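Enquirer: Work from the hints to combine the two standalone chains into their complex.
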Amino acid sequence: MAVGDGAPAAELGVTGDRDEFRRPDGRLLAAAGAALLLALLLAVLREAATAPSEGLDQIWIEPLSRVDRCVSCHRADAPAFLEAHGDLLDAHPPEEFGCTLCHGGQGPATRQADAHGDVPFWEEPLLDTRRARIHGVSRAQLMEMRCNACHRAQAEVRGMPTLNAAKQQVERKRCLRCHSIGGEGAFDAPDLTYEGDKHPTHYAFPDGWRGPRTALAWHVRHFTDPAAVVPGSAMPTWILPEGQAEALALLVLSWRRLDLPPRYWPR
Amino acid sequence: MKDRRPEFVRHFTPRTPREASDAIVRNFLLHAFPARITRAALGWRASGWLGTIALHLFLVLSLTGAVLLFHYIPSVERAYASVKDLEFIVSFGTWLRATHRVAAHLMVAVVVAHLVRVFLTGAYKKEGAPGAFRPLNWWIGIALLLLTFLLSFTGYLLPWDQLAYWAVTVGAQIAASAPLVGEALRELLLGGSSVGQPTLLRFYVLHCFLLPGLTAALVAWHMWRLRKDGGLAVTDRVADAAREGARVAPPAPGKTYTLMGSTPGATVQAHAPSLLLERESVTAIPAVVRRSLAVFCAVLAVCSLLGLLLPAPLEEPANPAVTPNPAKAPWYFLWLQELVSLLTFRVGGFVVDGAFLGGILLPGVLVGLLAAWPFLDRSPREAAGVWFHPSRRRQNRVFLALLLAAVALMLVGTFFRGPYWAWVWPWETAPPPPSWV
Numbered sequence: 016m017a018v019g020d021g022a023p024a025a026e027l028g029v030t031g032d033r034d035e036f037r038r039p040d041g042r043l044l045a046a047a048g049a050a051l052l053l054a055l056l057l058a059v060l061r062e063a064a065t066a067p068s069e070g071l072d073q074i075w076i077e078p079l080s081r082v083d084r085c086v087s088c089h090r091a092d093a094p095a096f097l098e099a100h101g102d103l104l105d106a107h108p109p110e111e112f113g114c115t116l117c118h119g120g121q122g123p124a125t126r127q128a129d130a131h132g133d134v135p136f137w138e139e140p141l142l143d144t145r146r147a148r149i150h151g152v153s154r155a156q157l158m159e160m161r162c163n164a165c166h167r168a169q170a171e172v173r174g175m176p177t178l179n180a181a182k183q184q185v186e187r188k189r190c191l192r193c194h195s196i197g198g199e200g201a202f203d204a205p206d207l208t209y210e211g212d213k214h215p216t217h218y219a220f221p222d223g224w225r226g227p228r229t230a231l232a233w234h235v236r237h238f239t240d241p242a243a244v245v246p247g248s249a250m251p252t253w254i255l256p257e258g259q260a261e262a263l264a265l266l267v268l269s270w271r272r273l274d275l276p277p278r279y280w281p282r
Numbered sequence: 092m093k094d095r096r097p098e099f100v101r102h103f104t105p106r107t108p109r110e111a112s113d114a115i116v117r118n119f120l121l122h123a124f125p126a127r128i129t130r131a132a133l134g135w136r137a138s139g140w141l142g143t144i145a146l147h148l149f150l151v152l153s154l155t156g157a158v159l160l161f162h163y164i165p166s167v168e169r170a171y172a173s174v175k176d177l178e179f180i181v182s183f184g185t186w187l188r189a190t191h192r193v194a195a196h197l198m199v200a201v202v203v204a205h206l207v208r209v210f211l212t213g214a215y216k217k218e219g220a221p222g223a224f225r226p227l228n229w230w231i232g233i234a235l236l237l238l239t240f241l242l243s244f245t246g247y248l249l250p251w252d253q254l255a256y257w258a259v260t261v262g263a264q265i266a267a268s269a270p271l272v273g274e275a276l277r278e279l280l281l282g283g284s285s286v287g288q289p290t291l292l293r294f295y296v297l298h299c300f301l302l303p304g305l306t307a308a309l310v311a312w313h314m315w316r317l318r319k320d321g322g323l324a325v326t327d328r329v330a331d332a333a334r335e336g337a338r339v340a341p342p343a344p345g346k347t348y349t350l351m352g353s354t355p356g357a358t359v360q361a362h363a364p365s366l367l368l369e370r371e372s373v374t375a376i377p378a379v380v381r382r383s384l385a386v387f388c389a390v391l392a393v394c395s396l397l398g399l400l401l402p403a404p405l406e407e408p409a410n411p412a413v414t415p416n417p418a419k420a421p422w423y424f425l426w427l428q429e430l431v432s433l434l435t436f437r438v439g440g441f442v443v444d445g446a447f448l449g450g451i452l453l454p455g456v457l458v459g460l461l462a463a464w465p466f467l468d469r470s471p472r473e474a475a476g477v478w479f480h481p482s483r484r485r486q487n488r489v490f491l492a493l494l495l496a497a498v499a500l501m502l503v504g505t506f507f508r509g510p511y512w513a514w515v516w517p518w519e520t521a522p523p524p525p526s527w528v
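Protein chains in written order, with the working numbering: chain F, 16 to 282; chain L, 92 to 528.
Fair warning: there could be bad hints in the mix.
Selected chain F positions facing chain L (in silico; Cβ < 10 Å) [to be verified]:
#, residue
1, 67
2, 68
3, 76
4, 139
5, 146
6, 195
7, 230
8, 231
With beta-carbon atoms standing in for the labels, derived distance ranges [as the list claims (entries may be wrong)]:
#, chain 1, residue 1, chain 2, residue 2, range
9, F, 249, L, 274, 24 to 32 Å
10, F, 148, L, 437, 44 to 52 Å
11, F, 193, L, 413, 20 to 28 Å
12, L, 168, F, 62, 33 to 41 Å
13, F, 45, L, 413, 50 to 58 Å
14, L, 274, F, 209, 27 to 35 Å
15, F, 45, L, 136, 33 to 41 Å
16, L, 522, F, 248, 51 to 59 Å
17, L, 519, F, 69, 40 to 48 Å
18, F, 61, L, 240, 30 to 38 Å
Which bits of chain F does chain L cover? Going by a derived footprint, with three or more residues having C-beta under 8 Å, they are [unchecked claim]:
#, segment
19, 45-51
20, 200-207
21, 249-259
Worth flagging that the hints you see were computed from the coordinates, not collected in a lab. All of these numbers come straight from a predicted model, not from anything done at the bench. For every residue, glycine included, the Cβ atom is placed at its ideal position computed from N, Cα and C.
Next up, chain L with everything else stripped away, as it sits in the complex (with noise of 0.2 Å):
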């Protein structure tokens, strides 16, 4: 029957698998998908859709933050006055502000997630399909996730307020403890000795296009190696259990066909899992599609209700000669800087440096256990795509407890550290801050 819809936009139902895994070839948005996806991993309980979500978060933020660029003058004299113009004058320019920032928080909470869920479901294991090799894609993310840091860091200096000035000469402070290269970091970081002019041009340079670049391309490479390991890795758990169901007799004897000739042996297709995963399987048009149109959607308005819900701040012009009294850094950064505050402390004549201590070493010992474990993990193979699989219990929960810890730093960072860092309780309000008249 013909589809009687009028044609306001190209749509497409296909009529056979065929048609709806030509439709993915041929146009070049949709080429990003797979032409099938296992009903298992279209389903919400394996992934949570949380790599989706962090990548339209990205997607909201490149629409925002493009606007924005229109706008934001990057000069230490006029970037305040362009956020304020933004803020009272440009058209929707406060909405525009709060939802790239809102955005921005949510794609680091996303993106964390997104890693704490692929470690809980050891989808990182090297034992997968033959021919995939997924702690490269987790490596990948780790990546992604570093960037992401870098990204909402760098942007943090764009408005050029008190709170941009002093976060970046924290983390500036922080970079020059690490031993040898730390000075030299600073000032490649800095332009400089202190943050300036120089600073806040490598920092909108780095933000609007050297760092989103960057993202990009790695989104896309870690969607691809998504696609050359055989898809989330829970399909490698329903292939085999297609396999067990449907007792695969070993493949005939066949020809394949080499650049030397033909070769004795089976045909790469009677390998393939798509042929065993059919049953399991759709077409990812229109079930992928869709439902991805269907999260960007989301996301799009939970940002924009949130941006209308929570303004962006905007504190005093920098001062380089007034600091704000705690100088805190962004929330994913507290529970570092909470560490840096805990392991700076004196026994007898030495100084034990906290910054290095908990600001590089630390951290640096922690992406450097992430991205060994896949080699470290030595759970059996069905333990990749389970949730808390039970071989990985005591893995899982040091890794949870770990995370727990830094949240709980993170809480107390954010709710109960007042000026010089010293412990306040949330009820106990400090008095407004004095005034000139």
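In isolation and in its complexed conformation, chain F is listed as follows (with noise of 0.2 Å):
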């Protein structure tokens, strides 16, 4: 090293030991430069990598806030996609409600397992078969859940056989006789307007719950038997036909805050 022991003294203002100002510290210099043209290297891979292979696609819906990245990863999805809906669309036209407001997921994303939403800290996955299964309805009974947030003041609505049946065992079982939903019937019982935006973490699961560990089996479960979930309970055991618990599970869940301009009310 340049700077090392034994230069002799240099006489001020006079030419010194010529090698003192030689580059010192030149492997350390190369070293340190070398990594760090590394690290921004592998930076750049990173972002190569994972970046959409076909560009980037989205539908910005401006009076919701609200952005949807799926086309980018299912451009050549969309037109069978599409299809599939029928004339859903006529009334739900994809440029104005996307399609995570009713699917699910998360619209930001650019990555499978994030976009479907199968990560910790997202909260309204992707309502695919899979999950649906693991609660024993199908994708579409659970998707109903969905379409009700929007619907959930009509009685009648086609296309939601699950929850129109729901709504007509809320009638018959007169739960407005205890309980309260959207300022109407009795404050005896928990009131239920929002009884969809409770959040999971504040559901006490019993011990030795089996299944899943969601708001949906909760409810199930609780039809099915309130004391079994919630001890002293004074709700009745219904004498359910098959089915109808999940139908009211999925019905008192999609009773949720929506914030969503007039014009996106149904008509």
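Expert: See the structure below:
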């Protein structure tokens, strides 16, 4: 190293040891510079590897401040996807509704696991067949939960057989004798107006809980046997027809606070 | 011989010490460096270059932060979405954010390590060269440490996720436990009674403009004071040794010119260590400049690589209705949170306020002790600039014991605390949190 020991004393203002001014720390600087270049190169490579392969495409819905980038990957599937909707898109044009408002999933994401919402900290995963099967319902039934977030005030909606039946159960079982829903009913039992907004961490799962730890599974169990999940519950144990516990659970979970501009409300 | 390398950039190889010194004075950026530096101060052993590393981390943070500023929106409705966009569609957004976060964590650690180094080498001691007063720089350093904590803490809120919201809620709650001014302090911090849009705007302005500006100004002052104090404390010891070795005769009677005419006595230059230390030192160009550049490259490389390995977390959007359990402070405050929880207990009908004891009183006392320490430390002047000087054995041991205790509490807080701050073993995995569907 040039700045090592043994350099003779330099007299002030007179040329001293020429060695002192050669470039010291040459190897150190070269190594640090190489490490930096390598690090930056790796960053570039990862950026190239994780960018959507066919470029970015998105549906930006200004009035809702929502963005759906599903089409970035599903460009080739898009025609088939749209076809499968039938006449549903007449009332729900994709450019005004996007995808995730109904289907769930993480709209802004551009990688599959993130986009489908199968990641920690994303609360509205894609409502796909796999997720429906976990709860013993069909994907269409699971989707009705999202439909009813807007269509909750309508007793009968085309394409929502499960929740139409659940709404009849609410009438038949006279839930409003104890509960209050949307300002109607009594206050002898919890207000259910926004039951779907209750955060999953606020549900008490009894010890030895089997099955998925989800709000949906909790409600299914609760409709089948209230006292099993809420000890000492005053709610009657209903004898429900096959599938009605699931239907009612989907119904109460659909009751969520929605902040949509008026023209999005069902007519 | 003429340097035949192409002049891609202006480069310069001084031929004489005079040219090397002139180069430092002439160049605005280089004039922050001293003209000469002792070999001891240049070496890795005296300081570990921790101050330089901290400064370079601050530079990395300023550079990455400046780019992030173009994308981040400080509004409660849009902040979270703008961070999501950084993660998903901004070119190099994920890397920028992760590198910025890693550099922030490293800066806290390195600034603390720098303080530990200065303490263990007694480099804050007031007995220095004539005209030097190192305690002032020690105090500037303490202010810079607190600024580093504040910078990191204000940055915590900006993603507006659950982690951010609740960490700041807890922090504000601790501030509110201060006697008399507590409530006012919390309102000043939050711009209201709870974390909301005014809080986000305040933290944004503090994090992006006020605190970095203040830090840059204090860093400049810190480095200027270091020069005025004669360089690193180890230089004083080198000067002692040089005087000893040279057996310098008392300066010859000469003339010193003052405004009032000439006065008898030695010239200023005759006392200046630069003459005595000529043999022990090298010019800053190229020695300090090149080593500093190497350190910058290494710091940026490490931050960038760690940024690739450790993605910055982004939890659910801030939700005032859902409190994560447990809500943990960032790691460097976890020892205080642990103390807050340990010191909150009930004696009869009286509840001891751990938030005040552990969150306000104890850190206040510690900072006060640090600030007063140059005047409580009675070790001889030879102890300055020497690692673990025998005369400072006891204070070094107490200091290290306190440091280790804080680190132990941080580890407990990180790995052994579960819901309701109850003790859990790291291998006891909690079931995944329930979801809607």
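Enquirer: Find the hints from earlier in the document that the structure breaks and name them by number, from lowest to highest.
Expert: 2, 3, 6, 9, 12, 15, 16, 20, 21
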